[in-house]
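For the record, the sequence lines run as chains A and B.
FYI, our numbering numbers position 120 of the first sequence as 120, with every residue one higher than the one before it.
Offset between the second sequence (1-based) and our numbering: plus 418.
Simulated from the structure, these hints should not be mistaken for laboratory data.
Where hints are given, some of them may not hold.
What the hints assert, rightly or not - According to the in silico footprint, chain A covers these stretches of chain B (three or more CB under 8 Å from chain A): (1) 465-471; (2) 493-504; (3) 511-523.
Stated by the list, open to error - FRET-style restraints, in silico, Cβ to Cβ: (4) B:D690 with A:G44: 37 to 43 Å; (5) A:A16 with B:A795: 58 to 64 Å; (6) A:S106 with B:R601: 52 to 58 Å; (7) A:G126 with B:A741: 39 to 45 Å; (8) A:Q221 with B:E543: 42 to 48 Å; (9) B:E448 with A:A118: 45 to 51 Å.
Unchecked claim - Lysine to any residue pairs mimicking SDA-like chemistry, simulated, CA-CA at most 20 Å apart: (10) B:K508 with A:H57; (11) A:K90 with A:E128; (12) B:K626 with B:P610; (13) A:K90 with B:L480; (14) B:K472 with A:A16; (15) B:K733 with B:L752; (16) B:K472 with A:H45; (17) A:K26 with A:S242; (18) B:K472 with A:I15; (19) B:K444 with B:L420.
The beta carbon of each residue, even a glycine, is placed where N, CA and C say it ideally should be.
2 protein chains.
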Amino acid sequence: MLLVMKFGGTSVADIARIRNSALHVKREVEAGNRVAVVVSAMAGHTNQLVGWCKEAHELYDLREYDAVVSSGEQVTAGLMAIILQSIGVKARSWQGWQIPLVTDGSHSVARIDRVETADLLASVEGGEVAVVAGFQGIAPSGRITTLGRGGSDTSAVALAAALKAERCDIYTDVDGVYTTDPRLVPEARRLPRISYEEMLEMASLGAKVLQTRSVELAMAQGVRVQVRSSFDNPETCEPARSGISEMCGTLVCDETEMLEHHVVSGIAYAKDEAKVTVLSIEDKPGVAASIFVPLSEANINVDMIVQNISEDGRKTDLTFTVAAAELPRALQVLRDNQDTIRYRDLRGDTDMVKVSVIGVGMRSHAGVAAEMFQALAGKGINIQAISTSEIKISVLIGAAHTEEAVNTLHSLFGLDRT
Amino acid sequence: MLLVMKFGGTSVADIARIRNSALHVKREVEAGNRVAVVVSAMAGHTNQLVGWCKEAHELYDLREYDAVVSSGEQVTAGLMAIILQSIGVKARSWQGWQIPLVTDGSHSVARIDRVETADLLASVEGGEVAVVAGFQGIAPSGRITTLGRGGSDTSAVALAAALKAERCDIYTDVDGVYTTDPRLVPEARRLPRISYEEMLEMASLGAKVLQTRSVELAMAQGVRVQVRSSFDNPETCEPARSGISEMCGTLVCDETEMLEHHVVSGIAYAKDEAKVTVLSIEDKPGVAASIFVPLSEANINVDMIVQNISEDGRKTDLTFTVAAAELPRALQVLRDNQDTIRYRDLRGDTDMVKVSVIGVGMRSHAGVAAEMFQALAGKGINIQAISTSEIKISVLIGAAHTEEAVNTLHSLFGLDRT
Numbered sequence: 001m002l003l004v005m006k007f008g009g010t011s012v013a014d015i016a017r018i019r020n021s022a023l024h025v026k027r028e029v030e031a032g033n034r035v036a037v038v039v040s041a042m043a044g045h046t047n048q049l050v051g052w053c054k055e056a057h058e059l060y061d062l063r064e065y066d067a068v069v070s071s072g073e074q075v076t077a078g079l080m081a082i083i084l085q086s087i088g089v090k091a092r093s094w095q096g097w098q099i100p101l102v103t104d105g106s107h108s109v110a111r112i113d114r115v116e117t118a119d120l121l122a123s124v125e126g127g128e129v130a131v132v133a134g135f136q137g138i139a140p141s142g143r144i145t146t147l148g149r150g151g152s153d154t155s156a157v158a159l160a161a162a163l164k165a166e167r168c169d170i171y172t173d174v175d176g177v178y179t180t181d182p183r184l185v186p187e188a189r190r191l192p193r194i195s196y197e198e199m200l201e202m203a204s205l206g207a208k209v210l211q212t213r214s215v216e217l218a219m220a221q222g223v224r225v226q227v228r229s230s231f232d233n234p235e236t237c238e239p240a241r242s243g244i245s246e247m248c249g250t251l252v253c254d255e256t257e258m259l260e261h262h263v264v265s266g267i268a269y270a271k272d273e274a275k276v277t278v279l280s281i282e283d284k285p286g287v288a289a290s291i292f293v294p295l296s297e298a299n300i301n302v303d304m305i306v307q308n309i310s311e312d313g314r315k316t317d318l319t320f321t322v323a324a325a326e327l328p329r330a331l332q333v334l335r336d337n338q339d340t341i342r343y344r345d346l347r348g349d350t351d352m353v354k355v356s357v358i359g360v361g362m363r364s365h366a367g368v369a370a371e372m373f374q375a376l377a378g379k380g381i382n383i384q385a386i387s388t389s390e391i392k393i394s395v396l397i398g399a400a401h402t403e404e405a406v407n408t409l410h411s412l413f414g415l416d417r418t
Numbered sequence: 419m420l421l422v423m424k425f426g427g428t429s430v431a432d433i434a435r436i437r438n439s440a441l442h443v444k445r446e447v448e449a450g451n452r453v454a455v456v457v458s459a460m461a462g463h464t465n466q467l468v469g470w471c472k473e474a475h476e477l478y479d480l481r482e483y484d485a486v487v488s489s490g491e492q493v494t495a496g497l498m499a500i501i502l503q504s505i506g507v508k509a510r511s512w513q514g515w516q517i518p519l520v521t522d523g524s525h526s527v528a529r530i531d532r533v534e535t536a537d538l539l540a541s542v543e544g545g546e547v548a549v550v551a552g553f554q555g556i557a558p559s560g561r562i563t564t565l566g567r568g569g570s571d572t573s574a575v576a577l578a579a580a581l582k583a584e585r586c587d588i589y590t591d592v593d594g595v596y597t598t599d600p601r602l603v604p605e606a607r608r609l610p611r612i613s614y615e616e617m618l619e620m621a622s623l624g625a626k627v628l629q630t631r632s633v634e635l636a637m638a639q640g641v642r643v644q645v646r647s648s649f650d651n652p653e654t655c656e657p658a659r660s661g662i663s664e665m666c667g668t669l670v671c672d673e674t675e676m677l678e679h680h681v682v683s684g685i686a687y688a689k690d691e692a693k694v695t696v697l698s699i700e701d702k703p704g705v706a707a708s709i710f711v712p713l714s715e716a717n718i719n720v721d722m723i724v725q726n727i728s729e730d731g732r733k734t735d736l737t738f739t740v741a742a743a744e745l746p747r748a749l750q751v752l753r754d755n756q757d758t759i760r761y762r763d764l765r766g767d768t769d770m771v772k773v774s775v776i777g778v779g780m781r782s783h784a785g786v787a788a789e790m791f792q793a794l795a796g797k798g799i800n801i802q803a804i805s806t807s808e809i810k811i812s813v814l815i816g817a818a819h820t821e822e823a824v825n826t827l828h829s830l831f832g833l834d835r836t
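Only chain A is shown next, with the shape it has when bound in the complex (with noise of 0.2 Å):
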């Protein structure tokens, strides 16, 4: 089969750690499987390039930081070749402008238009490993663009759909994706499968496992994702087989090749968020719009939002959250339109989490986010602010109580049981 397998920047840390990964590569060559690897920058080399660029210029030029910047893939896709070579594995490194990975002008956070195959298929049709520098593309201008942070993943998705992969397996220092953030839970337990939908949420929920946006091109397209661990031993583990997800990782796959339904799949938490009160204002039409258009002018995000019933029909309260390390300004731009919001007065607090229940199974379930408010209710924990989608819940509660409300949902929902 034809096999994306793509490393990060932990798994080429240096010349050992891409050693090893190479033995991951060479297992899938000689099981007779067809290869293209994708690399990231060795850790903290990309931290270093984007930190000379702004010693160098605070408002630098994109499409110069993209040319440095870039230069750390292209190194490790060079090294990773040479030492594939060194373990009889037929190798050579592909740039984005040879293949040619053609981008959007869009400098620092370039989209993919087109992956060209037709050279790097022969390639690998000829029985060579193509070691495809990830994060990078060429722009119509013929100049190197860089796809954004994590950009790697993307690249690895991209290639996949591009080459018609069966599977694209993502290599981290992780071994998969897990019901929760094990560090806070010792009974979490990691997920063998789960659809793009519960891995979107997932991943902007703060689960750092894969790319928000090589998972949203990898349902859109179809790839089939598995998030692996390069720490395991090479030699040890199973090659990957036609239509087959190894026991080790996590297949980020379609909802209709999911093997059980748990109605809740995961609990995922987002630290650091910062909550903001609007007092008294008028309840009418248009004052909603006078808080969030000054607040998407200051390009600040704000995430969920929480209109309070009105007691007499012409006062209410609005509540909404930003990242803590955003509250200053949210708050100086409220101060800043007083005159057109007219509130009465303005909290801030820091200190705040959010905690979501995630799972298709909930489309279908009634009662999940009942059970989940009782369950809180019953550990003394206070609700400050509630959304939801399709298929996950999310509250807002004090930093505090963290690990307990995620130790207590992770339990409520069967998540400890295989």
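On the provided structure of chain A, position chain B as indicated by the hints.
Just chain B now, with coordinates in the frame of chain A:
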């Protein structure tokens, strides 16, 4: 005028150094010159990249090595462009493949075939500084090549030739070419001009200011090269003007452009030479070949060769020099070939130095050699071997005499007088 400015590793060692080098560029742009800049990697960066390749595999693939090490110049080119922009100078970076600077396919030691100047020239004529990553090109296969150590000098000269630049300024950490090493001879003077031929002898004899290959190319293409220091104050230097050589630095140019004709222009010395003497071999055709063919097959570079006069027409001694580090291998090769060479004995002496007197004026002035030998004899310095070319005389002496010999010759030929 159109000017190429090249900055070496120590001139772009960190952001502060790049900023200082950028001020030299700004000065030229503000004086109305059109400028292409060539940059090396930050000092030490290339060594780190080469080290990784070696750690990856002793016998690394040279195509991958080129992809890895060329990233150093890519980074500096981007940073230089950012910094130029930050001080109000329009600039953009160019990778070798973007120009393209087309080389042959000899990875890691590629020769430049041609420089496509259309895009580059359009940019420069449009008032933008072109910041070119030195040391790198693209092979007809579409893969990145590098030009070998010090290749950025060659990039700069090739670019100057292709762009028909009026001059190629090589900014380095010394302020020009000196009559001899100022650390050895305090009276050493900077040469305002030196001919290509003399520079070639100086370069290959240990004055490490310019890479030999770049001087050959400059001579072949008639590119005027100015060697100067990036550590000079960028604001007090005179900007380049057509047909005028600055008071700072050394102009490397055609002999016909020389302002003054000294018989001797400089004294060079090369340390770490070793002398090999092969005693009592047959004085007949083929015996030299029996010695030098196996040495050449073992990739040992032989420099000076002296065949002593045979006393009886039957037996003779032969003396030659190699780099001190190669001495053990050279002796081993000779021992392995004792059967065919049939010498009586073998001697190896280290701690030798080669001192050379260089000057195009020697072509028309007899007696330089005699004066040189006499002066050294007067100091009791024993000459162990001699070699000459049209414009230089080299002698091999004990390393302990280096300083005395160089000082004696420097004043003998009037190099300490302005």
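Hint check:
With a threshold of 8 Å between beta carbons, the proposed coverage of the segment 465-471 of chain B by chain A holds, since 3 of its residues qualify and at least three are required. Counting residues of the segment 493-504 of chain B whose CB falls under 8 Å from any CB of chain A gives 9; the rule of at least 3 is met. Counting residues of the segment 511-523 of chain B whose beta-carbon sits less than 8 Å from any beta-carbon of chain A gives 4, enough to reach three: the coverage restraint holds. Look at D690 (chain B) against G44 (chain A): about 38 Å separates their beta carbons, and that is inside 37 to 43 Å.
Take A16 (chain A) and A795 (chain B): their Cβ atoms lie about 60 Å apart, and the range 58 to 64 Å holds. Taken as a hint, the range 52 to 58 Å holds for the pair S106 (chain A) and R601 (chain B), whose Cβ atoms sit roughly 53 Å apart. A beta carbon spacing of about 43 Å between G126 (chain A) and A741 (chain B) agrees with the range 39 to 45 Å that was offered as a hint. Separated by about 45 Å at the C-beta atoms, Q221 (chain A) and E543 (chain B) satisfy the suggested range of 42 to 48 Å.
Under the hint 45 to 51 Å, the C-beta atoms of E448 (chain B) and A118 (chain A), about 48 Å apart, fit the expected range. Pair hint K508 (chain B) plus H57 (chain A) holds up; C-alpha atoms about 14 Å apart against a cutoff of 20 Å. For the hint linking K90 (chain A) to E128 (chain A), the alpha-carbon distance of about 5 Å falls within 20 Å, and the restraint holds. Annotation: proposed proximity of K626 (chain B) to P610 (chain B) holds, straight-line Cα distance about 17 Å (limit 20 Å).
The straight-line distance between the Cα atoms of K90 (chain A) and L480 (chain B) is roughly 14 Å, inside the 20 Å bound, and the hint therefore holds. Taking the CA atoms of K472 (chain B) and A16 (chain A), the gap is near 13 Å; set against the 20 Å cutoff, the hint holds. Restraint check for K733 (chain B) and L752 (chain B): satisfied, since their Cα atoms lie roughly 18 Å apart, inside the 20 Å limit. Of the pairs offered as hints, the one joining K472 (chain B) and H45 (chain A) holds, with about 19 Å between alpha carbons and a cut-off of 20 Å not exceeded.
The hinted pair formed by K26 (chain A) and S242 (chain A) meets the criterion: a straight-line CA distance of about 17 Å does not exceed 20 Å. Distance restraint check for K472 (chain B) and I15 (chain A): the Cα-Cα separation of roughly 10 Å lies within the 20 Å cut-off, and the hinted pair is therefore satisfied. With a CA separation close to 14 Å, the supplied pair K444 (chain B) and L420 (chain B) stays within the 20 Å bound.
Checked against the numbered hints given earlier, the structure satisfies every one of them.
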